[in-house]
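A.B. asks: Generate the whole structure from the sequences, applying the supplied hints.
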Amino acid sequence: MRILIAEDDQVLADGLLRTLRASGAVVDHVASGTEADTALMTNNEFDLLILDLGLPKMHGLEVLKKLRGRGSALPVLILTAADSVEERVKGLDFGADDYMAKPFSLQELEARVRALTRRGMGGTSSAIKHGPLVYDQAGRVATIDGKMVELSARELGLLEVLLQRAGRLVSKDQLVERLCEWGEEVSNNAIEVYIHRLRKKIERGPIRIATVRGLGYCLEKIPG
1 MRILIAEDDQ VLADGLLRTL RASGAVVDHV ASGTEADTAL MTNNEFDLLI
51 LDLGLPKMHG LEVLKKLRGR GSALPVLILT AADSVEERVK GLDFGADDYM
101 AKPFSLQELE ARVRALTRRG MGGTSSAIKH GPLVYDQAGR VATIDGKMVE
151 LSARELGLLE VLLQRAGRLV SKDQLVERLC EWGEEVSNNA IEVYIHRLRK
201 KIERGPIRIA TVRGLGYCLE KIPG
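Numbering (full-length UniProt numbering), first residue to last: 1 to 224.
All clues given are correct.
DEER-style ranges, computed between Cβ atoms:
(1) A210 with G69: 42 to 52 Å
(2) R204 with R2: 26 to 36 Å
(3) D136 with V89: 26 to 36 Å
(4) E220 with E177: 16 to 26 Å
(5) D173 with R18: 22 to 32 Å
(6) D14 with T38: 18 to 28 Å
(7) A81 with K147: 44 to 54 Å
(8) K66 with D145: 43 to 53 Å
(9) I222 with P103: 51 to 61 Å
Derived pair list, reagent style DSSO-like, types lysine-lysine, alpha-carbon separation capped at 27 Å:
(10) K102 with K90
(11) K90 with K66
(12) K147 with K201
(13) K102 with K57
(14) K147 with K129
(15) K129 with K201
(16) K172 with K200
(17) K102 with K66
(18) K90 with K65
(19) K221 with K172
(20) K147 with K200
(21) K147 with K221
(22) K200 with K129
(23) K57 with K90
(24) K102 with K65
(25) K129 with K172
(26) K221 with K201
(27) K200 with K221
(28) K221 with K129
(29) K201 with K172
These are computed hints drawn from the structure, not numbers from a lab. Quick reminder that beta carbons are idealized off the backbone N, C-alpha and C, glycines included.
C.D. replies: Here's what the structure looks like:
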C-alpha cells in the first residue's frame, strides 16, 4: 500500500509517517498544495491520499478538485482543523471519501485508512492467489495452505510486488523503487537479503522465487 500525505505541519506529518510506515505502508510526504498536485499528476501508484485542507500555495480543496477533474478515483481522507458542518459538506461534495477533524486519534486514523484502502481495492476482493499462497492486500496478511506466514513489512512489500507481477521478471531497481520511502534508502544488497529471508518463509510446495542473474527475480509456480 502506497500513501501520499499532504500536510504542512511537520510534527503531525512525522507522527503520521511513523505510524503508517510501522503498519507496513510505503508513505510519501509533501508540505504544499502545489507539491501534492504535482505528485498526483506524475505518480499513479498511490492507493490513498491523506489531504490537509490548509495547505500553502494551493488549498487542499483545490488539490482535490483538480484530482477529481482528471477522473481519478483515488480514495481521499481529508484532515483539517476546521470542524464545521459546512467544511465537511464542502469537502465531501468536492469528492473526498472520509473526513477527520484535528486533533484525532492515530489509532482511529489507521482504522479509517484500512477501510478506505479496502474500498479502493473493491471491498473484500483484495486477495492475490499464487498456488497455495494467498496474500490479502488490504489486511497485509499472507497464508500458505490456510496458515499465516510471519513476514516483516519489507518482506510483505517484496511479496506484494512479486505477486502483482507473478510469472514476469521484476528487476532489483523496480523493487528498490517500490520499497523506498522518502528519507530511507534500500540498497540492491538489502534487496538480496530480503529475498533470501522471503524464500525461506514461502518456498514450500510449488512456489519458487527464481533469480535471473544480473536482471532480477520472478515468482514462479513449479509444475507438479
